[in-house]
Amino acid sequence: MKRKKWFRLDNAALIFPAIMKRRWNNVFRISVSLTDPVDPETLRLALNGLRGRFPTFFVRLRAGFFWYYLEEITGEVPVSSDFAYPLTHMSRRQLGRCCIRVLYYGNRLAVEFFHSVTDGTGGAVFVKNLTAEYIRLKYGVGDLSGGIFDPSGVPDPAELTDRFPEFAGGYPVSEEDTRVFRLRGTPEPDRFRHLTTGIVPTDALIDAAHRHGATVTSFLAAVMAEAVGRVQAENVPRGAMRPVRIMIPVNLRRLFGTDTLRNFVLTVTAGYDPRLGDYTFDEICSRVKHSLALDATRQHMAGKIEANVRPARNRIIRLMPLFIKNPVMRAVYHFVGERVGCINVSNLGSVSFPPAYEGFVTRFEFIIGVQYSYPNNCSVVSCGGRTFINMIRSSRESELERLFFARLVELGLPVEIESNRRR
Amino acid sequence: MYCVKCGVKLADGETECPLCHTPLPAVEGGSGASFTPYSDRYPRERDHEKYLILGSITAVMAAACLICLILCLKTYGRVYWSGYVMLGIALAWTVCVLPAFFRRWYPMIFLPVDFAAAAGYLLYICASLGQHWFLSFAFPLTAIVAALTISTVSMLRYIKRGRIFIVGGVLMAIGSLCMLVEFFQHITFRTPMFVWSLYCVAFFTALGLFFILSGMIPPLRAFLERKFFF
Numbered sequence: 001m002k003r004k005k006w007f008r009l010d011n012a013a014l015i016f017p018a019i020m021k022r023r024w025n026n027v028f029r030i031s032v033s034l035t036d037p038v039d040p041e042t043l044r045l046a047l048n049g050l051r052g053r054f055p056t057f058f059v060r061l062r063a064g065f066f067w068y069y070l071e072e073i074t075g076e077v078p079v080s081s082d083f084a085y086p087l088t089h090m091s092r093r094q095l096g097r098c099c100i101r102v103l104y105y106g107n108r109l110a111v112e113f114f115h116s117v118t119d120g121t122g123g124a125v126f127v128k129n130l131t132a133e134y135i136r137l138k139y140g141v142g143d144l145s146g147g148i149f150d151p152s153g154v155p156d157p158a159e160l161t162d163r164f165p166e167f168a169g170g171y172p173v174s175e176e177d178t179r180v181f182r183l184r185g186t187p188e189p190d191r192f193r194h195l196t197t198g199i200v201p202t203d204a205l206i207d208a209a210h211r212h213g214a215t216v217t218s219f220l221a222a223v224m225a226e227a228v229g230r231v232q233a234e235n236v237p238r239g240a241m242r243p244v245r246i247m248i249p250v251n252l253r254r255l256f257g258t259d260t261l262r263n264f265v266l267t268v269t270a271g272y273d274p275r276l277g278d279y280t281f282d283e284i285c286s287r288v289k290h291s292l293a294l295d296a297t298r299q300h301m302a303g304k305i306e307a308n309v310r311p312a313r314n315r316i317i318r319l320m321p322l323f324i325k326n327p328v329m330r331a332v333y334h335f336v337g338e339r340v341g342c343i344n345v346s347n348l349g350s351v352s353f354p355p356a357y358e359g360f361v362t363r364f365e366f367i368i369g370v371q372y373s374y375p376n377n378c379s380v381v382s383c384g385g386r387t388f389i390n391m392i393r394s395s396r397e398s399e400l401e402r403l404f405f406a407r408l409v410e411l412g413l414p415v416e417i418e419s420n421r422r423r
Numbered sequence: 001m002y003c004v005k006c007g008v009k010l011a012d013g014e015t016e017c018p019l020c021h022t023p024l025p026a027v028e029g030g031s032g033a034s035f036t037p038y039s040d041r042y043p044r045e046r047d048h049e050k051y052l053i054l055g056s057i058t059a060v061m062a063a064a065c066l067i068c069l070i071l072c073l074k075t076y077g078r079v080y081w082s083g084y085v086m087l088g089i090a091l092a093w094t095v096c097v098l099p100a101f102f103r104r105w106y107p108m109i110f111l112p113v114d115f116a117a118a119a120g121y122l123l124y125i126c127a128s129l130g131q132h133w134f135l136s137f138a139f140p141l142t143a144i145v146a147a148l149t150i151s152t153v154s155m156l157r158y159i160k161r162g163r164i165f166i167v168g169g170v171l172m173a174i175g176s177l178c179m180l181v182e183f184f185q186h187i188t189f190r191t192p193m194f195v196w197s198l199y200c201v202a203f204f205t206a207l208g209l210f211f212i213l214s215g216m217i218p219p220l221r222a223f224l225e226r227k228f229f230f
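Chain order of the listed sequences is A and B.
Quick note: the first sequence uses the numbering used here, first residue 1, plus one each step.
Quick note: the second sequence uses the numbering used here, first residue 1, plus one each step.
Don't read these hints as lab results, they were simulated from the structure.
Take these hints with a grain of salt, some might be off.
[Said to hold, decoys possible] Mimicking BS3-like on lysine-lysine, the simulated pairs with C-alpha atoms at most 30 Å apart in a straight line are:
| no. | chain 1 | residue 1 | chain 2 | residue 2 |
| --- | --- | --- | --- | --- |
| 1 | A | K5 | A | K21 |
| 2 | A | K325 | A | K138 |
| 3 | A | K21 | B | K50 |
| 4 | B | K50 | A | K325 |
| 5 | A | K325 | A | K5 |
| 6 | A | K325 | A | K4 |
Predicted, not measured: the structure shown is a model, and the values here were computed from it.
For reference, chain A alone in the conformation it holds in the complex (with noise of 0.2 Å):
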């Protein structure tokens, strides 16, 4: 009998398993769309064919007595119809099954990700060969580049390895522990998630981020810590108010110079204090690129990825039963890992095809799920001359993204807006 291959968790994948909820966990999207409608057939053999390739993709979460794992599932992914929403909660009996989820609707196909499994980038990477490997199969159209791999290749074993542990410098740097404003909202009783979608042409964007000094994502980050602020001045009377801080995950591929397709991201945040007094778009977006570019360095995230692996590292945490580290983790998470900011802004950067993909995709888009106890979060991709701003929401009011949209009309961007409003 073939033994089933079993991988460990990376470090920042821990915490997921343990923080869920029956109600909510950290999954996110990655989704394509095609020049013409899917065909479910040939995506199901497209994606079972990079088995092989993407083997840390193809696995299920299990728990040991110690930690939880992932292992190798042996039937087949199967693939099925997109719902009225994106990123339907994956329960723990689906995480038991599988923990990707592989859906069609139109001439879109999207991969639903639980988070222990891979970050936005290493999602992409796996969206960008499943596209490619479909379109082979379906017109006979193949180009080995650009990230495209062979799908009956081996993976490089740095692939498929936690590569926090190996980067952890030799001090922990702990985020700045501040009460931060917290979004609320009614949640909509059904769980439904309003996606608004903001389409943006890239260059008028990189020109708007450009006018203000900034970089596209600390520009949209501004934008957004803007947005939140408003929402605040008009809920909360000013003795009361809190900071605002915007979460902005950075990939630490870049910075340490890896290409793993497990998770390598971690958040920084920057925002603003609205108690110091008011604050004009152009001091805001001055601060927040400044906080990214003081803490987005090496050796900072090197100081970050320490405070992370520390307690992984320690014996009496290690060798404590799952059911005791289970609420332990989540009662951290509950009162550390939300409190640092008021909702993220995750920006995948630009996401291209190989030339002889390119006539057959026309748009690429990225979905985080909401946070933990933050009814809004915000994602970013660029594809093809154009930038897809996903803000979701679980609750009803959408004065976030109304606040948020206008602004970039007002700053001079045309936004076009689509939304799955509820039928």
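Keeping the supplied structure of chain A fixed, place chain B upon it in accordance with the hints.
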């Protein structure tokens, strides 16, 4: 098409601005096309909390049955009073807890099951006491009440109009049922005929007729609605 309030361009298929909810004017050939970025398929999710609560209630009821059985066996060496308690709890579970396990309440399934369970409980009591009133009294009455209840619930559930007439008819049927109760009582227990049931017939028939009349006379109905709305 652009939202006049937010200034954003709206994708085809948007009928209102997703940001400020300003409705779009219906423009021929403009917005309102059938483009929808997501399907209309909703995930089926198990309500874990519900099942946890129902499972706990079932476990408590089962434990109560078990305790009664043990106590009864220890005291009398046979199933005596515990039989009534256990079957009573089973009846309560069938009527109250069992339907809650299902996503929807189906009257045509659950009501017959409930009445069958009630008839079974009555049969057990009758047999354990060594009496003979089940076939001539309890069974026909249970069957008639079951038929009346099922037909009433079905009519109220599936017929959307004329509910006031249904209620009127049901009230008159309840009057007739009282007469049947007394009739079966007379056959089984040799009690005198039509002592109290005629009053019930008169009362329920009058009430039923009043409902039917108020359905037929709109001013009366409007007056009653105005006086008794809640």
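Given pair status - A/K325, B/K50, alpha carbons within 30 Å: holds (27 Å)
Restraint check for A/K21 with B/K50, where alpha carbons must lie at most 30 Å apart: Cα-Cα ~16 Å, so holds.
Straight-line alpha-carbon gap A/K5 to A/K21, limit 30 Å: Holds, at roughly 27 Å.
Straight-line alpha-carbon gap A/K325 to A/K5, limit 30 Å: holds (25 Å)
Given pair status - A/K4, A/K325, alpha carbons within 30 Å: holds (26 Å)
Proposed proximity, A/K138 with A/K325 (alpha carbon, max 30 Å): violated (47 Å)
In terms of the numbered hints stated before, the structure departs from hint 2 and from no other.
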